[in-house]
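Enquirer: Sequences are here, hints too, so could you generate the full structure?
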Amino acid sequence: MASIEEGDGGHHKKGPGVKKAKKLSTRVDMTPMVDLGFLLITFFIFTTTMSSPTTMELFMPKDTDKDDEQNKAKESGALTILLSKDNHVYYYEGQLKEDASNFLSTNFGGIRKVIIDKKKAVIDAHQHDAGCEKIWAKNEGDKKSCLDKDLVIVIKPDEEATYKNTVDILDEMAISNIKRYAMVDLFPAERELIQKTEGGK
Amino acid sequence: MTPFVDVAFLILTFFIMATKFKPAEPVEIKTPNSVSTKDLPESDALQVTFDSTGRVFFGILSEKDPKIKYEVIKNMNTTRNLGLSETDMKNFVQTPAVGVPFSGLKQLLSLPVDDQKNLRQPGIPLDTLGGELYYWIRDAVSAFTGKQLKYLIKGDNGAKYPAFKQVLNAFKKNDIFKFQMITMLEDTPAGSELDIIRKRQKSGGK
Chain L
5 MASIEEGDGG
15 HHKKGPGVKK
25 AKKLSTRVDM
35 TPMVDLGFLL
45 ITFFIFTTTM
55 SSPTTMELFM
65 PKDTDKDDEQ
75 NKAKESGALT
85 ILLSKDNHVY
95 YYEGQLKEDA
105 SNFLSTNFGG
115 IRKVIIDKKK
125 AVIDAHQHDA
135 GCEKIWAKNE
145 GDKKSCLDKD
155 LVIVIKPDEE
165 ATYKNTVDIL
175 DEMAISNIKR
185 YAMVDLFPAE
195 RELIQKTEGG
205 K
Chain X
404 MTPFVDVAFL
414 ILTFFIMATK
424 FKPAEPVEIK
434 TPNSVSTKDL
444 PESDALQVTF
454 DSTGRVFFGI
464 LSEKDPKIKY
474 EVIKNMNTTR
484 NLGLSETDMK
494 NFVQTPAVGV
504 PFSGLKQLLS
514 LPVDDQKNLR
524 QPGIPLDTLG
534 GELYYWIRDA
544 VSAFTGKQLK
554 YLIKGDNGAK
564 YPAFKQVLNA
574 FKKNDIFKFQ
584 MITMLEDTPA
594 GSELDIIRKR
604 QKSGGK
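These protein sequences, in sequence, are chains L and X. The opening residue of the first sequence carries number 5 in my numbering; numbering runs sequentially from there. The opening residue of the second sequence carries number 404 in my numbering; numbering runs sequentially from there.
What the hints contain is simulated information worked out from the structure, not anything from laboratory work. Don't be surprised by glycine CBs; every beta carbon is placed ideally from N, CA and C. Be a bit skeptical, because a hint or two may be false.
[Unchecked claim] Derived, one-sided and incomplete: chain X residues facing chain L with beta-carbon distance under 8 Å: (1) Val408; (2) Asp559; (3) Gly561.
Expert: Structure representation (structure tokens):
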């Protein structure tokens with residue numbers, strides 16, 4: 005590599021016949037600087053996280069004990085999703101039947117289709133509702149929003165469900181553009197059913 | 404070699420500028436992914452963090468006005484008889500998040516900020532009524548009066564749902580019902596309704 009030339013002790017050769025001092029090279033050795041530069045680049049590449057965190061909004065209703073203040077959901081438009089351990093998802097439409105014949109099991113890959121199908125079914129069954137359309141036309145100008153107004157998804161995570169599961173299912177609501185959903189606790193009957201299903205496997 | 408070195412230093416400059424160092428946190432949290440694109444607020448926010456074992460931490464983000472943070476701890480010190488010294492309270496302003504019961508606060512804050520992470524924090528005690536987190540939130544909210552305050556929840560992937568629910572309860576007890584959950588951005592699944600809506604907005608906006 006380049007090295008800085010040193011004078012070869014020419015200074016003790018004094019006299020008239022002395023040669024002109026050799027011109028020193030002005031080039032500086034850049035290798036260490038470049039080395040350091042690349043070291044820093046490597047360091048910054050490894051420490052930089054390019055994806056910045058985002059936030060997901062969540063609105064919770066105020067807890068109320070009064071029966072008449074609670075939101076009522078039409079049975080035809082209700083879909084209950086239960087989250088349990090090991091990423092298991094259970095769901096049923098409308099009311100839970102006594103023989104639990106409509107209590108079905110799926111996973112996070114399959115729940116999206118269930119939600120989309122339910123939404124389609126609710127939209128197909130929709131009957132013209134002038135009152136709702138009037139309100140929507142005034143506020144949002146989107147009459148289509150009335151089509152799925154009966155659709156309510158109830159999310160019930162149990163004690164074994166993880167935070168990731170909860171966020172994932174809320175994400176599914178955003179993905180499928182579900183406007184009405186609620187997060188509530190499980191009924192004892194549902195808990196028993198989950199235990200029974202898991203025990204049977 | 405000169406052009407090569409020039410480019411290398413240009414890249415170096417870019418990375419130095421683009422890097423933003425994460426504030427040190429008492430625990431490492433792996434947040435879930437979501438399709439949400441809303442940005443994370445940097446100031447004027449309360450952040451509740453919980454890890455996979457259910458330990459809960461509380462932090463105040465007030466970069467713009469560090470005085471607020473000082474006020475919160477000063478009020479707490481008098482109302483809850485924490486027995487903190489002036490230095491302890493100054494340390495609190497530097498601390499990103501605390502995860503100790505009120506009884507252990509003096510021990511934590513008597514340490515300089517850099518040493519605090521060596522102390523294992525047991526988490527803020529919670530119960531169905533909100534526990535001590537309720538008081539933290541209440542006092543912080545009153546210190547921020549007149550400002551738009553945001554409420555951030557940062558949970559670990561592996562945390563169980565009851566931990567999340569108890570955190571929500573502590574907020575609900577304070578009549579706060581609107582939260583922002585910190586997540587990492589994920590692509591919208593192709594063909595889904597949200598994907599269609601977003602594409603339409605994009606093309607319509609141009």
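Enquirer: Going back to the hint list, which numbers does this structure go against?
Expert: none
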